[in-house]
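Peer 1: Residue numbers (the UniProt record's numbering), protein chains in the order written: chain W, 1 to 211; chain X, 1 to 402.
Computed beta-carbon distance windows for the label pairs:
1. X:V11 / W:N167: 53 to 59 angstroms
2. X:E106 / W:S54: 20 to 26 angstroms
3. X:L164 / W:N63: 29 to 35 angstroms
4. W:L38 / X:E331: 55 to 61 angstroms
5. W:R210 / X:V54: 50 to 56 angstroms
6. W:L38 / X:V11: 32 to 38 angstroms
7. W:S54 / X:F206: 27 to 33 angstroms
8. X:K356 / W:N63: 45 to 51 angstroms
9. W:L38 / X:K356: 50 to 56 angstroms
10. X:K37 / W:A201: 48 to 54 angstroms
11. X:V63 / W:D177: 41 to 47 angstroms
12. W:A198 / X:G245: 26 to 32 angstroms
13. W:S160 / X:Q7: 49 to 55 angstroms
14. W:A198 / X:Q7: 36 to 42 angstroms
Partner residues are not named here, just some residues of chain W that face chain X (Cβ under 10 angstroms, in silico):
15. V61
16. E62
17. G64
18. V83
19. M86
20. V184
Hints in this document: simulated from the structure, not taken from any laboratory. For every residue, glycine included, the Cβ atom is placed at its ideal position computed from N, Cα and C.
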Amino acid sequence: MSKLTVAMAKGRTATMAIDLLAGAGIEFSSYSEASRKLVFMDDTGTVKLVVVKSVDVPTYVENGAADIGVIGKDVLLEEQKDVYEMLDLGISKCKLAVAGFPNHKFMDSSRLTVASKYPKVTKAHFDAKGIRTDIITLNGSIELAPLIGMSDVIVDIVESGKTLKENGLVILEDIADSSARIIVNKASFAIKTKQIQAFIAKVKKRVEVRS
Amino acid sequence: MNMYSTQNAKVERVIDVVSKRFSTYGYTRIKTAAFEKYDLYSTVTSSVNRKEMVKVIDTTGDVLVLRPDVTIPITQELSHVCNHLTSEYRFYYIQEVFRQSFEKSEKTERTQAGIEYFCESSPEADAETIALAIQMMKDLNFKEMKIEIGHTAFFNEIVNGLHLQEEQLERLKTLVVSKNIGELNLFIQQLLIDPKRKLAIEQLPFLYGKPEEVLERAKEIVPLPNVIKTVCYIEEIYRILKLYGLDEYVVIDFGLMNHMDYYSGVLFQGYVERLGKPVLMGGRYDELGKKFEAELPAIGFACEIESLVKALQNSAVDNANQIDLKIIYEESELGSAIQLAAKLRALDLRVVIASKTKESMNSIDERCIIRMYEQEHIVEFQGNEQPFTSIEQLDWLGGNDK
Chain W
1 MSKLTVAMAK GRTATMAIDL LAGAGIEFSS YSEASRKLVF MDDTGTVKLV
51 VVKSVDVPTY VENGAADIGV IGKDVLLEEQ KDVYEMLDLG ISKCKLAVAG
101 FPNHKFMDSS RLTVASKYPK VTKAHFDAKG IRTDIITLNG SIELAPLIGM
151 SDVIVDIVES GKTLKENGLV ILEDIADSSA RIIVNKASFA IKTKQIQAFI
201 AKVKKRVEVR S
Chain X
1 MNMYSTQNAK VERVIDVVSK RFSTYGYTRI KTAAFEKYDL YSTVTSSVNR
51 KEMVKVIDTT GDVLVLRPDV TIPITQELSH VCNHLTSEYR FYYIQEVFRQ
101 SFEKSEKTER TQAGIEYFCE SSPEADAETI ALAIQMMKDL NFKEMKIEIG
151 HTAFFNEIVN GLHLQEEQLE RLKTLVVSKN IGELNLFIQQ LLIDPKRKLA
201 IEQLPFLYGK PEEVLERAKE IVPLPNVIKT VCYIEEIYRI LKLYGLDEYV
251 VIDFGLMNHM DYYSGVLFQG YVERLGKPVL MGGRYDELGK KFEAELPAIG
301 FACEIESLVK ALQNSAVDNA NQIDLKIIYE ESELGSAIQL AAKLRALDLR
351 VVIASKTKES MNSIDERCII RMYEQEHIVE FQGNEQPFTS IEQLDWLGGN
401 DK
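Chain X extracted, bound-state conformation (with noise of 0.2 angstroms):
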């Protein structure tokens, strides 16, 4: 029981600090169906594997899925409102997500974290978007930390115009995000294009590491006109991240692809220590709201409460689930016993009464023993021993330490 209910303090407190942290960025949370329909998730091809989805027949005989992702029916909902941003929406949503995976040790329900920013594509609030990722972790007290960065446009302006075959781009884009240079120069050996191409496909998985010198290096390996224009943009991107003070934390990854592929624009992961998974994942996606017949741009990101959880499990999260006040009473005392445990709610502190003869059935982690018995009446706080006679002598427990 211990065990779980400290898991579950964990939990509340990670959901606590994320929500804080997005609505100072003036972000507004919001609500889905646990239900939707099917037809929703397959007119957005493969944004999420269908085997994955737990599905449900309803009594009229229509499929439904129970809530897979939360970013398709945010966009879809906006599309009934307008059809065109008038105005920039943001929004998050902290909720349960369901996906069966094949894995079977992997969760089916998990707690996803996230936000929606719905605004025209710029590197002011590309960056914005990032910053808000970064101070979400920061306020988690993660030691080390990392932000990988890319562009959908890289990857897909390199190959435009190459002619390659479905297969081979897969094959392609399977090599370059497991960065296996060995198998990936065999692979474009046998392909019959531009040796300058080769020498840029050659190149993406070594474009990784420091933005200043990675930007540099991508222009200069290929020159092409829009490649140029994107590394621009994210090169604004982080000179931004400067003026929030959040540049350490970036790393460049052109390599970076998402299976997720409503995704166009800017992308971006986040790693911490101990954790070989991202926990944070994120980008920009303008086109979503067309297969609403809308004009939606956006960005956004979003994170799995458990892996937070579960990557802050070794680090020093502080007990939230210790109470302020403990009082033991004697029964001729529980008259005063429940004065002044109103008085001390009242106060905003988290209290708990027990007889007596019930002491050893509240084994709670508290700061401080208040014990009302006939005789006398003693506050035990950091290992001191007072003796009190009237509950005005506790006022004090108010301002402290909170």
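Here chain W stands alone, though its shape is the one from the complex (with noise of 0.2 angstroms):
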């Protein structure tokens, strides 16, 4: 029987996915946040962990390194990759929102500048509503544009709304809901139907215990 090769963000998301892992049968004892490691085996044998950055994560799937990934539902959204996508795992929940000042009217201005590391997700979302809007792509600490004037508002995730609070900004809009998403190479789906098909059901079952 082939290996299965898992794709997991590096970070918090990591850590909850393999103790939910864990708690479905899919061991892997040899993992620890602070290890430089990057790739881990299972207690078995049979699936191999690959740590990488949270938006590769789609590419390895996509293009088949991995067969299956872990990721959050806010890079799908912006990486929009053609994968299947076949469960919730009900983890690292969070939401994807316009913020801002308080009372900030976007109707106002004729073109909107708005800030966000989800350019795509950002366009479309203010495409749809009918709002021009410039997009500055940043990569982190999006909540400080709109502080030093680079921006009117940002588009950005959002958990429990501390970071905006202490920089005195609010939610102006929500944009998407957002959790841990197992996707799967379609190619893999098709060669190791079997193997994915009963890994995708241990965990399926655990995270419906859990809930």
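With the hints as a guide, bring both chains together as one complex.
Peer 2: Now the structure itself:
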């Protein structure tokens, strides 16, 4: 039987997902968040875990470098890859939202400047509302943009809302809910159907128990 | 240079294997023009994404496109000859198609190999085409491969009469194609449709897997007369594929849909190990001829040579670039070397001759070296060295190992 390769984003999502997989009987005892290793084998030696940068997870899966990926819906909305999206893990819950200073009215400005890590989602969202936008793509500390006058509003993921609050910003509008998903490469699904279906079934059961 | 030539050799070898297989099924090779009228592709809506086409303006100001697809021009050409099928036609092509992808890493020019089989729709014809696709992949020595078979009527019949808006339909398609079960359920909960239909849509992503099992389930889940007809049609294709002895490669996927809008009927896609994307796509396009006022039912498929080569990269493709013989001569023996080379070439062997002084310039992968020196003539073959005095002594080279 050939091995399954699972790609995950470094950090908290990986830790939570590995916890969930352990509950489903797929254990990675050798994994620790502090480790600098990028590849881990599960205890039975049938599942290989590769730890990559979050935005790269869909790319690894689409190209077949990994059979399965664990990734936030926010990244999937932005990347739009041709993969199966088979299961909602219900972890790493957050939402994509438009945030800015309280009482900001977008309709007032003829052209809205928006800072975001999600340029495609941002454009699609405002295009659908008929609002013209200039989008500034940033990779971190998005909240800073309106504070120093670089943008009118931002589009970012919001978990607790604490960062926004501490910077004097509020959610102006929700765009979409996000949580960690399991994505699957289409060729892998055709070739390793049984293994992948079994993997998903185990994890699904665990997700249902937890909720 | 070496890398380049082995890459080229692999491409040539794949083309060779593919075209041989196509001709064994009675297909004849055709070519279409490199430049096509832009209007041709705008007639057939959304067949090829307009933004992806490479446009050229000719001296009269007409807009032309570099051939983005082969099926459409072939169908158009045939429509000039006949407006309904009086005979079946089998064509194959291997030529470049040009599409500018949004992803900069993807090449604009790609070599596409494919077949077009103009014939009335029947399980026999469709099974033969799928069998040809599988056979072609087998010829290329893919160890693990699967052909997914679906049918456009399946989804269309289920949503037929539900009065969904275009946007809702698109969303539904996206969710089914990506097997996004969670969101699909949420989406249909809010639709005001018959609960039975809801259940059918919910089950679509699960209609995937071994034909025996999936086809039975499909009939139970969606007991609409037209759906059952479609399922029986596919059952028949599967039965015939068993006769070909190729059923082990078949997977049914009723969630399969293609962005190429001209397909209507059976659809299929081929996957191999280690390549995330389908290496082969095809289906029936009975309606395409109507765009050119002709009744030209057909089925076909296409694959990209570059993808096949990429998928083969790790597997053992024997070195087609290898030459059979290298003759190394000393100046005085030039005449005999030329004579010997001519004789061996007449036997269809691949021969390179080189002067001893230039031996190092001809580091080619060869099966056999013949040294023609003033002092002695030696043939080196499979690690053995054997002297020879006359050319006749080498006659065995022609019959051997070829």
